[in-house]
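Visitor: Each chain is listed here by its residues.
Number of protein chains: 2
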Amino acid sequence: MLFISENDVRKAVSIAEVIERVENAFLHYSRGLIQVPSRVTLRVRDENNDAIFLVANYRSMPFYGIKEASSFPTNMLKGKPTVMSNIQLYSADTGEPLALVSAVYLTALKTGAASAVATKHLAIQGNVSIAIIGTGVQARTQLEAVQHVKKLKELRVYDIDKSRAKKFAEYAENNKNSNYPIIISTSANECIENVDVIITATTSTIPVFDDEYVKRGAHINAIGSFTPDMQEIAEQTVVRADKIVTDNQEETWKVAGDLLVPLKAGKIDRTRLYGELGDIVAGKLPGREREEEITIYESVGFGALDIAVAVLAYEKSSLLGIGTEVNL
Amino acid sequence: MLFISENDVRKAVSIAEVIERVENAFLHYSRGLIQVPSRVTLRVRDENNDAIFLVANYRSMPFYGIKEASSFPTNMLKGKPTVMSNIQLYSADTGEPLALVSAVYLTALKTGAASAVATKHLAIQGNVSIAIIGTGVQARTQLEAVQHVKKLKELRVYDIDKSRAKKFAEYAENNKNSNYPIIISTSANECIENVDVIITATTSTIPVFDDEYVKRGAHINAIGSFTPDMQEIAEQTVVRADKIVTDNQEETWKVAGDLLVPLKAGKIDRTRLYGELGDIVAGKLPGREREEEITIYESVGFGALDIAVAVLAYEKSSLLGIGTEVNL
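Protein sequences appear in the order of chains Z and X.
Just so it is clear: in the first sequence, position 154 is 154 by our numbering, and no numbers are missing.
Just so it is clear: in the second sequence, position 199 is 199 by our numbering, and no numbers are missing.
Heads up, some of the hints might be wrong.
Copies of the same chain are indistinguishable here, so a pair counts whether it falls within one copy or spans any two.
Said to hold, decoys possible - For lysine to aspartate or glutamate, the following EDC-like pairs were computed, each having C-alpha atoms within a straight-line distance of at most 20 Å:
(1) 167 / 154
(2) 153 / 173
(3) 151 / 251
(4) 316 / 20
(5) 78 / 96
(6) 166 / 46
(7) 264 / 293
(8) 80 / 93
(9) 80 / 96
(10) 215 / 96
(11) 267 / 325
(12) 78 / 93
(13) 120 / 212
Calculated from the structure, these hints are not laboratory results.
Source: prediction; values computed, not measured.
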């Protein structure tokens, strides 16, 4: 069994490969080639500490696997990471455990790659201006992935923690793949005003911008709302959007506060959900059809993608001699 | 993170400790101190190859965990083990992965220990005669565990594979903890006739004995029927039994062929199930009440027990310096 550490993952995979695998996983899921049972969630103690287990079973590759992700806000006080994650891969031929893959960075790559796929299919054509709200760990892989599929005209960033926004802007400056200006905004509304692609990567429980600043034609990647009480997107934008797309419909109605809060308030019904990104990738549903549409990609987490990128990390690590072999 | 191999488990834990932990897990589950979400099962391909994921979340210990078990009959042709299993343990304080425990032998120990606990509470008082039908890997730990809680008067063994039965009888002879005769029976009915404690440890899909050979007062540990089409116990015995007890009621009605087959045939209804062993251990339900009762312990697999014994393996390994530390 191969143990692939966080550092091993960084050595083994590139964002281009991750985007390719994620787009393929969307496609294969839409074609019925990946079985994804309902997630198992645990409220670990009476605090806000949760653990989630996501399983995916491939028919298009000889693997099945399980991702564990723990989200422990109380770790902040202990000086420990608040999010930890790993993925265990098994051979679909023999049931043998093949690899244990450390999955914090891999999850961020996967989430960035999913936003890139959504942006490719749902954002306006041509070069785009981009706003990133929330400049924590996810912001880097979001930027890295999205600028892999779209040429940027401008990047705006905003964070309630100004020093973090500044640090991220420096990171972005050093990781540009073309020449575009980077602006640190003084408010979330200023950040998104008239912008083509908006990325929200916060853990907010209240919408982080006002609807009136969202321009016609904008595409939003909402990646932070993965519990029923989290909300990043203005409710009026959810009401007004032309197409709301998710990674997995079933899970969306269990966990995505962005949609569940306005649903419970009676402001939207379930028909607001246009469909799954996989069906757009597979050509079963049209992506963006008109210049002025407002589109939202609501990311809730989807084991099919996680296991697909873990398979990539395993294949590349095996090929390159990365990782630690341990006999169980 | 500590990796505990099959050999490490053998070094780290004793059957006495495993029985103690299993009985405690039954007790704590009955008291509502262990959360056990529904299992996730995968039919991995179109063959009979399955993977099962069992989660348990303790409130009585600072751990949560997940067991993966793969059952791949097609491995027989490949010269690989047909059953593989491991358990991943996490800290309930921080969400950190603490250990990956190889769990094939541990599962056999756990299953033996559960039979021992059932036998303690449900078999007749005093010394007992024991019949073991099916002398594969589970039979050894069944014998080891049950003779830890009951003094034996006689041991009878039966297997459709006579050489395997002979080998097991030799093993039993070398692992007696008191002086009792060991008999290799020529049929399953001869094996169980007039015996106090019957253990079935087969993967049979048809009942392995006839009801008329089951004496009044017998206790049966049925450990092999863990899919809806598996059956070890004569249907008439299921109809006639005074108390049918399981590890977990909810899972029983999903997977235990011993009860599901007669249920579907209309021979029993759900009230045939007396209750859970945990409630007997906790004193909420009486165990055996009369000398002549026929009792059945139907084992379907229950994450609460698996995680409990993995915690034991982890604690003992840490204490004794057993296992391999790997940084993720």
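Visitor: All hints are to be evaluated individually against the structure, with a verdict given for each.
Guide: Taking the hints in turn, this is what the structure says about them:
Taking the closest pair of Cα atoms, residue 167 and residue 154 come within 20 Å of each other only inside a single copy of the chain (17 Å); across copies the shortest separation is 76 Å, beyond that limit. For the homomeric pair residue 153 and residue 173, the shortest alpha-carbon distance inside one copy (14 Å) is at most 20 Å, but the shortest distance between copies (81 Å) is not. Taking the closest pair of Cα atoms, residue 151 and residue 251 never come within 20 Å of each other, the shortest separation being 32 Å inside a single copy and 53 Å across copies. With identical chains, the CA atoms of residue 316 and residue 20 are at most 20 Å apart within one copy only, with a shortest distance of 14 Å there and 45 Å across copies.
Within a single copy, residue 78 and residue 96 get their C-alpha atoms only as close as 36 Å, which misses the 20 Å cut-off; across copies the closest is 12 Å, which meets it. In this homomeric assembly, residue 166 and residue 46 never come within 20 Å of each other (Cα to Cα): the closest approach is 36 Å inside a single copy and 54 Å across copies. In this assembly of identical chains, residue 264 and residue 293 lie within 20 Å of each other by CA distance neither inside one copy nor across copies; the values are 25 Å within and 54 Å between. Taking identical chains as interchangeable, the C-alpha atoms of residue 80 and residue 93 lie at most 20 Å apart only when they sit on different chains, with a minimum of 11 Å there against 38 Å within one chain.
In the homo-oligomer, the alpha carbons of residue 80 and residue 96 lie at most 20 Å apart only across protomers (9 Å), although the nearest pairing inside one protomer, at 32 Å, exceeds that limit. In this homomeric assembly, residue 215 and residue 96 never come within 20 Å of each other (Cα to Cα): the closest approach is 51 Å inside a single copy and 43 Å across copies. Taking the shortest alpha-carbon separations for residue 267 and residue 325, neither the intra-copy value of 53 Å nor the inter-copy value of 53 Å comes in at or below 20 Å. When the C-alpha separation of residue 78 and residue 93 is checked against a cutoff of 20 Å, the pair qualifies only between copies, where the shortest distance is 10 Å, while the shortest distance within a copy is 42 Å.
In this assembly of identical chains, residue 120 and residue 212 lie within 20 Å of each other by CA distance neither inside one copy nor across copies; the values are 25 Å within and 71 Å between.
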